[in-house]
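The primary structure of each chain is shown beneath.
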Amino acid sequence: MRNTLITFSFLLCSLATAAPVNTGHAEASLVTNLQDTQQESFYLGVRLKMKEGWHTYWENPGDSGGAFEASWVQNEDIIIENVEWPTPVTIPYPPLMTYGYEGDVIFPFKVFRAIDSDLSIVSLKFSFLICSDICIPEEAELNIDLSTAKPSLMLEQTIKNLPIDFLDTKTSVSDETIKIQFQAPKMFSEAYFFPREDGLFTYTSVQDLNQIDNQTFEISIPALTSEIESFSGILRLDSQGYQVKEALEISTPTMSLFSAIIFALLGGLILNLMPCVFPVISLKVLSFVAMGGNDHAKIRNHALTFVSGVLFTFLLIASTLIFIRSSGAMIGWGFQLQSPEIVGVLTLIMFGIGLILLTDINMAKGLTSIGSNAQSRNDYSGSFFTGVLAVVVASPCTAPFMGAAIGYALLQPSFATLPIFLALGIGFAGPYLALALKPQWISALPKPGAWMETLKQFFAFPMMATALWLMWVFMLQTSGDALIQLLVLSLALAISIWMIATFNNAIKWIGLTLTVVAGIQFFTNIPVTQINLEQGTTNSGWNVSLESDLQEKNQAYLINFTAAWCITCQANEKTSLGRASVKKYLEDNNIRYIKADWTNRDENITKSLSKYGRSGVPLYVFWKPGMQSSKILPAVLTEAILIRGMQ
Amino acid sequence: MKALAITALLLISFNAFSAEIKLHDPKLNEPAPNFVEQNSYGVYVQLSDFIGQPVILEWTNHECPYVARHYSKKNMQAVQKAAQKKGFIWLSIISSTPGDQGHVSGDQANELTMSRNASPTHVLLDESGKIGMQYGAKTTPHMFMIDATGVLRYKGAIDDIGQGMKFFDASFNDSVNYISTQLDAVLKNSELEISNTVAYGCSVKYDY
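Just so you know, the sequences run in chain order U and L.
Here numbering that gives the first Met the number 0 is used: the first residue of the first sequence is 0, the next is one more, and so on.
Here numbering that gives the first Met the number 0 is used: the first residue of the second sequence is 0, the next is one more, and so on.
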């Protein structure tokens, strides 16, 4: 009986809604600005009326203290967002500095509700730290009955004064000083910057204000660190606060050299399995099989020669990258495929290899060292060039782990770039290094025989397919005319190979010379109409400031940094991005999908990539309202990974 | 001569004044600043007495809710015992100014140690706040670890729970304690993996 009574009286108390709860040093209550029952969105506010001399804290409390916790109890048809912090004040407590609120304050929470839902009671457990020179944790159970609550004027006022507008700032760190430059939107006499992150500067530091020109001002604060990546907080001009959010130029990647090297090793190893490399690698494996299990020294030498070809090419690419970078240009992985000339040559190489495999010409020995006879020097150079070729054809592929490692390498000084590329090469050549160390492992592979001939011929088709794909890239980079020229060259190549295979004497040489002359004639006349960088951007709506624009508009987005020559990108298009279900998901959730096409060189895209610590594609960047900063999705996507990544 | 004396006096008083409001920030992996102070039994204790043994400094204020929870949940005592088992010296330092929260007499300090079943090697009564400012102690608790060679190896929070009201519901078992997990590393006299964190808690009640 007594229990029921207590329960009953408790219910009565909680139903009495807006009645403030005395927590000890403050009176807490729930208020709303809901005006009529048809409103879909409105605010709830926690009003805290603190005794004089007492304060509570902002999200970054400064040197001591801590922010409140709010746990809501409400019906499912109501969504309550995170608190929108009012502009804090400085509460000095020498020798410390804290950030918070004094006196009578309201913490507003935005609320969304299903339009046809009933208005009911919302409850909240609100626990907070309240301090004068001592601190006390207090808490209150608060209730509000939305069907009867009156709109609060003070909440309206608080919402109107929320620091919502973004102030355009330019922040730099030099000489151990953080300098925040901004355009003042109105007259003011005092300015103070409240940082959201810890560790930028000592909170007690004096913030010096200087006028640069009419409207431009600069706050300088002694910095604690020179490595500031992002920078956000509230800038208070007199009583009005403004949001400040910046990603500082070329951030230092957080990865260490050591982990970058581990990533590179792993990435290189996985690269072997990528579709663009697999055929070339398979040929190499076949040649090892053909050597049989007998001559271990020979297998070791071939394996080592192949490895040195791989390493040589990786170092060559690294040196080229360093050289080009030192001349100030922005480039990234796969840059060699941004030149149509190189794509054209690669096409011919792929097509040529395909033909040689199909026609079983003996010259194949020289190029890919297939065949078990002959210990000529030619054989070894074949192994070496297979190594070179494997790396060259690998360039359009990005394996998992590789993107991060190369991104790191390219932002580092040269001495760090080389070891990472070397590690990539060692990872790539890893299986063959193992073979060089233990040639007896070759006997684990099937015995050589007629099946090899069939398999070898079959591998002609992946090569031809690669050639086809490169032709498509070439066409996108140039024009249909140029593509025809490339096809003519392919024909000339096919004729040459046929001649070498069929004729033996002078006729062969005469025929070859004619073909080469004709080929050169066409090649020099290719009307390579390279796409102009300015107008050729088929980037559907991408531009440098797109991200900050969309974030400001609270528009969720998914940016796909891609290129026609990037196989991983194309694969992701097929397996996930291009699928109807994904398109529907994007549509349903109002996520803007933007493609940033890097098929041709584009400095702006390169810069954007480097902002994410990347130097190549693919890169998928996702953001939706409520997220502090955008998020990078995995490089290899499936439908499930993609959609989970956006939830 | 007289002028010299006055100048000297002025300089001293100026120094004393500036020392009063200035928090220093001792450098990691360099010798920890030495200090001398009376413990709760009135005996002078100095840091350099302990060369050859690793030392932990704990800034404390028994009335601070953060400290109170660490002690009432027996968390601080457990960390203390674990450290002492490995040969650490534990110095609890109270920098509250007389009349302010957390300030205690020597007897009161001993009583607190007894009633909380704590086992600090010494409780130092830093009424002037001198040691606190030397080490840049901002909050209670605020922790420092010094290796056996007298080099400062850690400064910051006791664990990863952090400021904010979530502290008062958090489980110490689910948190990472930066002190008890890094005792062995300090014994090796080498740099720590996590050596600098942001201390959280109540502000140290300095005299201002």
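Any given hint could be a false lead.
What the hints assert, rightly or not - From chain U, some residues computed to sit far from chain L (all C-beta separations above 12 angstroms): (1) Glu138; (2) Asp197; (3) Arg299; (4) Gly351.
What the hints assert, rightly or not - These stretches of chain L come out as covered by chain U in the derived footprint (C-beta under 8 angstroms, 3 or more residues): (5) 126-140; (6) 156-166.
Rather than coming from a laboratory, the hints here were simulated on the basis of the structure.
Positions of the beta carbon are idealized from the N, C-alpha and C atoms, including for glycine.
Hint check against the structure, violated hint numbers in rising order: 1 and 2
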